[in-house]
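There are 2 protein chains.
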Amino acid sequence: MPELRQNLATREWVIIASERARRPNVYAEATDRTFTHERDEHDERCPFCVGNEELDLEVCRLPDDGPEWDTRVVRNKYPALAEVGPLIRTFNGVERFITGVGYHEVLVEHRLHNATLALMTDEEIRSVVEMYLRRGREISVDPRVEHLVFFKNHGERAGASLPHPHSQIIGLPIVPGDIRHRIEEARRFFDDTGRCVFCTMLDDELSRGERMIAENEHFAAFILYASSSPFHIWILPRAHRASFMHIDPSTLKYLAPLLRDVLFRLYTHLNDPDYNLILRSSPTKEPENGYFHWYLAIVPRLSRSAGLELGSGVWINPAIPEECAAFLRGE
Amino acid sequence: MPELRQNLATREWVIIASERARRPNVYAEATDRTFTHERDEHDERCPFCVGNEELDLEVCRLPDDGPEWDTRVVRNKYPALAEVGPLIRTFNGVERFITGVGYHEVLVEHRLHNATLALMTDEEIRSVVEMYLRRGREISVDPRVEHLVFFKNHGERAGASLPHPHSQIIGLPIVPGDIRHRIEEARRFFDDTGRCVFCTMLDDELSRGERMIAENEHFAAFILYASSSPFHIWILPRAHRASFMHIDPSTLKYLAPLLRDVLFRLYTHLNDPDYNLILRSSPTKEPENGYFHWYLAIVPRLSRSAGLELGSGVWINPAIPEECAAFLRGE
Chain A
1 MPELRQNLAT REWVIIASER ARRPNVYAEA TDRTFTHERD EHDERCPFCV GNEELDLEVC
61 RLPDDGPEWD TRVVRNKYPA LAEVGPLIRT FNGVERFITG VGYHEVLVEH RLHNATLALM
121 TDEEIRSVVE MYLRRGREIS VDPRVEHLVF FKNHGERAGA SLPHPHSQII GLPIVPGDIR
181 HRIEEARRFF DDTGRCVFCT MLDDELSRGE RMIAENEHFA AFILYASSSP FHIWILPRAH
241 RASFMHIDPS TLKYLAPLLR DVLFRLYTHL NDPDYNLILR SSPTKEPENG YFHWYLAIVP
301 RLSRSAGLEL GSGVWINPAI PEECAAFLRG E
Chain B
332 MPELRQNLAT REWVIIASER ARRPNVYAEA TDRTFTHERD EHDERCPFCV GNEELDLEVC
392 RLPDDGPEWD TRVVRNKYPA LAEVGPLIRT FNGVERFITG VGYHEVLVEH RLHNATLALM
452 TDEEIRSVVE MYLRRGREIS VDPRVEHLVF FKNHGERAGA SLPHPHSQII GLPIVPGDIR
512 HRIEEARRFF DDTGRCVFCT MLDDELSRGE RMIAENEHFA AFILYASSSP FHIWILPRAH
572 RASFMHIDPS TLKYLAPLLR DVLFRLYTHL NDPDYNLILR SSPTKEPENG YFHWYLAIVP
632 RLSRSAGLEL GSGVWINPAI PEECAAFLRG E
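Chain order of the listed sequences is A and B.
Sequential numbering from 1 applies to the first sequence in this note's numbering.
Sequential numbering from 332 applies to the second sequence in this note's numbering.
Quick caveat, the hints were computed from the structure, so don't treat them as lab data.
Each residue gets a CB set at the ideal place from its N, CA and C atoms; glycine is no exception.
Any given hint could be a false lead.
Unchecked claim - Computed from the model, here is a short list of chain B residues facing chain A with C-beta under 8 Å:
hint : residue
1    : 332
2    : 430
3    : 431
4    : 472
5    : 480
6    : 482
7    : 483
8    : 531
9    : 626
10   : 639
11   : 647
Model the full assembly from the supplied sequences, consistent with the hints where possible.
The following block contains the structure:
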């Protein structure tokens, strides 16, 4: 019998389609390795490669002001949002719009064209997450920005158009409805129980263990009970905090190795699958609170969304989350 | 300057990325015509082809009980939901689940393997929408069913795995959160204004005209002001009604030609793009009301969702809706 499972935090339902279930290892075979592999260390046509830096687009680099950089943040050359301009709202019948002001930046994660997060060192990954934090804090100061999204599209199926390893940072002049709904659900749980729903989920996953992948002193990674797709993973900080921008920077040295561990398991067990990495955090102007909790989500693109997902928000997941977790643990 | 536009009904924001805007005709070139074209009329391995009918899976056919069928509804051989079984809810810490009972049916739209909705006759399309209505009404009677989703995945990028033209009907034992949010937004608009937000949008689009594609006595089709992707189309009935299941069947003869017209324009102007077709209707047990309004959505799969959409629900649309509408009107 198939099962409908509900994500306690978002209240979203997924169908775990046990009748169509596929063993976790089939997803390794399904991956077509055409994009991120066997590239050269340098591509002279790549805008993110050493030697092609457009310095007028550069925002910052690590190490600061060094002639050789490890990571860089640059403004997107074709930004979805414009950095300069006033925020103007216009409501005219059904036509409600806001000028598209905000930030659209690219974080170039590594000098080498053929590097990939899963195979970087802890130190290298740490400088990536440090850049997230630095730009997150800097952009948050802009009064026009209401919400920040940090994400990475790895591989073509995840929406990447350039293979050089990079993340994106978008500063929006609105809080999207989807985010409002999630916060509202978390607040409702808090009002009902007096607890953060994410802390509750984390405690429960830690005590059950069957969906855990890895953990350390400050972070824990598990496959979601109500995964919307195969190998859908959350990495939660153990300390309750609504905004990533408010974390103690010293904990970043615990995030990097855990992220590396999880991505390396996906890389080796699933043949470097395409995936999206998303950092979710409370809207920039909201104070710290007891109900929201920042986290990283990793969504491998191993199945395709279709009419049911578009039409109802219900996902069909043909993989059993507990089996996926055991597979990534190497059992 | 890019624009953020808000969908008045769903309150979702999209970024119309004018800086990255592409002329509508580029989408015709982007389509790879590998899937639905130049197929044979019959494929002996296709489970939906004449001669391969598994009669024990058949639910109904048109004409009724005829030896030769025009359209058939069959139970999905690998259903995401089981038709037989009790509805049992279990809440155990974070593990909240419901037995996966419900309906998962396939509507085979045509006898011929190489038929496609866009090229069918009005009569043929009418028998497809009549089947939606018939099964919708029959499934709604089951007390375990809370919500019905009718959809079609056309082409591989839209999630189709079999090329024989077909739709799917899913009867869910829950009302998904996504649907609840949309209804809530519509109700709020109604409480504020005394009007249905969909009727309001329709009136506005009809009077503006610039995003209209086609209309007749009972239905109208337009590109959404806040399209989440290029050529995102709604077909709205002019008569206010929350549930498709409550329509006057005589109006179906007006829906078929309009649907054909819209799909034919997409087919000819965009080279038979992959698309999802979704029929949205009020949950099965909710009475008729003044705020929700059933409709058809057509979402061509011409761009790919990525980290921003997953992480915030905000879509980046690189096509200007008004230009897309003019292009489909042949201007």
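Hint check results:
With a cut of 8 Å, the hint placing residue 332 (chain B) at the interface with chain A holds, because the nearest CB-to-CB distance is about 5 Å. Interface restraint check for residue 430 (chain B): the shortest CB-CB distance to chain A comes to about 6 Å, inside 8 Å, so the restraint holds. At about 3 Å, the closest approach between the beta carbon of residue 431 (chain B) and any beta carbon in chain A falls short of 8 Å, and the interface hint on this residue holds. Residue-level restraint check for residue 472 (chain B) is violated (minimum Cβ-Cβ distance to chain A is 20 Å; threshold 8 Å).
Among the interface hints, the one on residue 480 (chain B) holds; its C-beta lies about 5 Å from the nearest C-beta in chain A, closer than the 8 Å criterion. A least Cβ separation of about 3 Å between residue 482 (chain B) and chain A falls short of the 8 Å threshold, and the interface hint therefore holds. At about 6 Å, the closest approach between the beta carbon of residue 483 (chain B) and any beta carbon in chain A falls short of 8 Å, and the interface hint on this residue holds. For residue 531 (chain B), the shortest C-beta to C-beta distance to chain A is roughly 7 Å, which falls under 8 Å, so the interface hint holds.
Annotation: interface hint on residue 626 (chain B) violated; nearest CB of chain A at approximately 11 Å, more than 8 Å. A hinted interface residue such as residue 639 (chain B) counts as satisfied when its beta carbon comes closer than 8 Å to some beta carbon of chain A; here the least separation is about 6 Å, so the hint holds. For residue 647 (chain B), the suggested interface contact is upheld, since its CB lies about 5 Å from the closest CB of chain A, less than 8 Å.
In this structure, the earlier hints numbered 4, 9 are contradicted, and the remaining ones agree with it.
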